[in-house]
Amino acid sequence: MPASSSVSVRVPVEERLFSLVLALLATKGGLTKQEILSSVQGYRQHYALGGDNSNLERQFERDKDDVRELGVPLEKTDSAGQTGNNQNLRYRIPKGDYDLPRDITFSAKEITLLELAGMVWREQSLSAQSRRALLKLRSLGIESDEPIVGYAPRLRIREGAFEPLSSALERQKIVTFDYLKPGESTPQTRTVAPLALVQHQGRWHLHATDEDAGGNRTFLLSRFVGPVRLTGRSFTPTGEGHADRALNELEQIWCQNVAEIDVVPGTDAATRLGKQVRGSTTTTAMAPITVHYTDMNVFAAELASYGPEIVVRAPTPLRDAVQRRLEKIRADHERPHDG
Amino acid sequence: MGEHTYPFHAQDKLVFLLALVPYLMDHDRISVTEVASHFQVTPEQIRAAIRLIAISGVPGETNQYLPGDLFDIAWDDFEDNDQIVLTHRVAIDDSPRFSAREAAALIAGLQYLSALPENANRDVTGRLMAKLSRGASATPSELAVAASQTDESLGLIRDAVAAGTQIKFDYVDSRGQHEQRRVDPLRIESLDQDWYVRGWCHLRQALRTFRLDRMIDLVRTDKPLSRREADTTLPDTFFEASADDLSVILELAECALPLIADYSPEGTEPSGVAGRVLTSVRVAHFHGLKRLVAGLAGTVTVRSPPEARLLVADWAAAGASHYDTA
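Respectively, the protein sequence lines represent chains A and B. Position one of the first sequence corresponds to residue 1 (the numbering used here), numbered consecutively onward. Position one of the second sequence corresponds to residue 340 (the numbering used here), numbered consecutively onward.
Bound-form chain B, shown alone (with noise of 0.2 Å):
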């Protein structure tokens, strides 16, 4: 994680460069490599910020920009040997403070993360915010989080992950029907308000996600991992698509897009009524399907095949009829 590498702005490149400047002051000689992963950037990223700053400065007393008047290197130890060493500094003398809707974003995900075992002490996360507010150039954003609610089964997770060591747990599926699992776990993820462990299934053999709120009985166990995060490329979307998948089409109001961008729907087309349009998603079974639709009522119905429809219908039908004598 963390290694995402993000298109960098304009803007973006620019705080680099004034955070890149003072990093490079407290440094009298660095590798171009380890710059680059201490700013998890890459190499080429860090050469072409180094090129920039070396003939970059200020006008001067005579606006001409003259040698006196800007950054330098020596360029040596940079062409030769990929280091850097700055010989000469114009302007820049610290770091920059936080925009106040910076120093809101990393507050805020403070505030989320206060649920986790390891922030148990409330005190640190205050600290923190505190230490953000006075670093930002105005006051913060108002922007809060409320903390998720976990429970004990995070920290257990989190020491397995840690210690590298298998879990087990009797697992509820989507359908109700239990299963008992034993899972390497390599990845605690969350989404809102919902924890998951992603993690190699000894049962099925393949990566799987699985909700916490959803396990039973979880213990940890001394067997070690068969299976390292390193080993294993654990997909960004957060559900494995299979070859077995069924495709569904779903009508629904246009705006309502975003509410089944799980599903990653492929495409759209116009549906003959207005402002609602016809997609596909690909799902694994009908009966995680059937939850969504059933709680989207008039925002989505499913098109087609038509035993997902019947699945639906009977699945709202037998829920309706609990109210029909009562």
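Chain A extracted, bound-state conformation (with noise of 0.2 Å):
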């Protein structure tokens, strides 16, 4: 049933991308661009023979974008001989570079855990990504092993700054952002290319080689301030394992930093803060604990939200943020609002 090589005849974007990756899968050598223009199923129709084409060309440019994103390795290999040559340039995708290798295989129980881990994340790119990996997953037709009632686990990102980072991080581009480091007021603007991004304890960070300071340092997102910009300019990455190196990095970081708060026992910071003074909750007696953090600005609007259910004993920084924050609220909702 041939498409009919009409103009008129109006080709879905995902049968034109489809019919692009099966043209380049079935190729050994390579098609140029000429090639797939005037012969793949969804260019050809808006082809001018002999004309101009470069509506064309634009649309098959973001097409490529498009087909690599999903991991399908679209090729552009030079004819030997013929470097420069734009001709000559020709495109294929290697079979043995798009087929899952066949020794990669799930049990049921393997495909249960993915289905879930898929399922934490359901905003954001995350999402989209998690969606189509499953897809893929699927497509080698195993079963999982029981259906996954009983659980609903989700992470969150609410910080804007991870989509425009985590693209970055991906295309490996150098980024502009301004950061608001702990203890000051006026943000700084850092130069950075980003080298990985991790939650730890909930809040999202990013780990990235810092132009300025010459060296790798760990942000806290939610300290950044106004959008994430591009700088135009790539890196090639060094080394890896930046992710585990980041997370080691911080939960280093919240072992060292110790807080002394006194808790009352049988509230709702006692059993937030912890497990150590659950039980005890006939007493109103405050009870001493001793808690891990890893940001003190972060941990001290935490302690703040529990009013005067704590006291921050130690350290006096911490002390003295928790009660500059608390006199900050009372002020600013002491009388009615006259407005």
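Calculated from the structure, these hints are not laboratory results. All residues carry an ideal CB built from backbone N, CA and C; glycine is no exception. It is possible that some hints are incorrect.
[As the list claims (entries may be wrong)] From the derived model, a few chain B residues whose C-beta atoms are all more than 10 Å from chain A:
1) Asp365
2) His366
3) His377
4) Asp416
5) Glu418
6) Leu445
7) Thr478
8) Ser480
9) His517
10) Gln519
11) Arg521
12) Leu585
13) Ser586
14) Leu598
15) Tyr662
[To be verified] Some chain B residues close to chain A (C-beta under 7 Å, calculated; not the full set):
16) Leu452
17) Ser476
18) Leu493
19) Arg526
20) Gly627
21) Arg630
22) Thr640
23) Val651
Both chains are sitting in their own frames, so use the hints and assemble them into the complex.
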């Protein structure tokens, strides 16, 4: 049932992309751009023989990016000895790099776990990535051993900086952003090469090479002020295991920072801050506990939310930060609003 | 769960087509409904994909997309019996690899879930992560999530959900009050580091959400559930709204709106101060609100009603008073 070559035929985007992938998978030596535009379904309907095809060429450029974004290894190769001559560039998708290796298989139990892992992301691009990964997994035809009733785990991404950083990380682009350092009131502009995005203690961090500081630094995403901007420059990442290293560093900081806090037993603060004070619900006497934290100001905000249920004993800067916050809230809410 | 239908964009549709073809190649004959249930999409999405696959192919030697260059299906089986029989295939032999970001998304999800009682055996997670890496077309992006911390109560509730039995516990609500609860556990949910159980509360005779870290003396009982998840529609919004909810006007920095997203703010209007807006949220009582606002000093203030402002001011003043004399 060959499609008509009439211009009036509207070929859906997915049909054009599917036809492009099929054509490039089937070719051994590759196809030139002219061959693709003039012969592949979805392009050929709009191809002007000997005419101006610049719109169609731009379309092809966008399609290539879309296809590559899905993990399809769409290659550009130079014909031997013809380097630099655009007319001889050829495109293809090598089967060996496209096919999921046959020895990669999953048990029913593993499929169940992966389905659950994919469910963790409900928003932004990670949700779309997981859905696509799960479609590819289902392609293997393995049924999960039991339906995942009973669990609905979820990780949130509330920071607007996550999405542009994730894209810059993937495309190895250098970015700049304004960052509010703990204890400072005016943000500083940082220029960094993103190496990893990690979530620790429920908070997202960027691990990156800071060009001005001349070393690797970890930034808390909730301290970003304003948008993340692309510099137009790229970088080549060196080494691996950046994400694990960043998580280990954050874990160390968390272990080193210890607060001494008195907590009213039986309160929400007591339940949330530690299991140590659980159970002794009859007494109203303050019970001392020690709690770890990563970022003093972020922790001060959490502690302020507990109001009179806690008193910070140490360290002094944390104690002062909590007191200042409580006084600010009291001042902001003292009288009925007169507006 | 997993039955949400998402809007399919062209890229998603392409992935779906590339995933569907190898699956069909492995099945000589299969019904549309069976494929739909396996891929967790609607039968109509399967039929549309099959119609597209059946007219697709490669340009071929003639560049004319002749019949031998195209996929083909047994049309009668498809049109009359809703059965899929792939009779000719081109170009595709195997499932596609994962993209670097797809593999990374699943790997980070697995890391987060490594705290589940099912995953006590770390080898399983590690092996799976290695397989995903090897099955990706490029090294997975550097994305990592620290395992969420859980305790034995998660395992106990999970067993109760699986066995279909009720649980009992002493619950501390956000006001610090204790009550004995008997609950049909329907689903265990999490939000970042916090774990919850949603279920039918026999005390309130209503669906309720309970935080695991607010439960004391949790025990499993032998009593079977009085309701099952299938009989009960669990709303997607995490916290149940009620007609008795109170409306509160908040003033906040516009960029802080995501911080109160859980409270489903209803629209915004200018506050008169540059960069700050007014919005309204509905809450069951002001006690949860005072904690939220106290945790966002200077970012969010309560405009009205006056009793909510007073409650926040008193809460902060009582907290601050601990420090005045020290």
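| task | Check the non-interface label on Leu445/B: least C-beta distance to chain A beyond 10 Å or not. | result | violated (5 Å)
| Claimed clearance of chain A by His517/B, with the beta carbon kept past 10 Å | violated (7 Å)
| Non-interface claim for Arg521/B, where every Cβ of chain A lies beyond 10 Å | At about 19 Å from chain A, Arg521/B clears the 10 Å cut-off, so the statement holds.
| said: For Gln519/B, is the shortest CB-to-CB distance to chain A above 10 Å, so the non-interface label stands? | reply: holds (13 Å)
| query | Under the criterion of a CB-CB separation shorter than 7 Å, is Val651/B in contact with chain A as hinted? | reply | Holds, because the Cβ-Cβ distance from Val651/B to chain A comes to roughly 5 Å (cut-off 7 Å).
| Should the label of Thr478/B as a non-interface residue stand, given a Cβ cut-off of 10 Å to chain A? | Violated: least Cβ distance 7 Å, not greater than 10 Å.
| field | Interface hint compliance - Ser476/B to chain A, C-beta minimum distance less than 7 Å | value | holds (4 Å)
| said: So His377/B supposedly isn't at the interface. Is its beta-carbon more than 10 Å from every beta-carbon in chain A? | reply: violated (6 Å)
| Evaluation of the interface hint that places Leu493/B against chain A, nearest CB under 7 Å | Since chain A brings no Cβ nearer than about 10 Å to Leu493/B, farther than 7 Å, the hint is violated.
| query | Does the nearest C-beta of chain A fall within a distance shorter than 7 Å of the C-beta of Thr640/B? | reply | holds (5 Å)
| query | Going by Cβ atoms only, is Gly627/B closer than 7 Å to chain A? | reply | It is violated, given that the least Cβ distance between Gly627/B and chain A is near 10 Å, above 7 Å.
| task | Hold the hint about Arg526/B up to the distance rule: shortest CB distance to chain A must be less than 7 Å. | result | This interface hint holds because 6 Å falls under the 7 Å limit.
Checked against the numbered hints listed earlier, the structure breaks hints 1, 2, 3, 6, 7, 8, 9, 14, 15, 18, 20; every other hint is satisfied.
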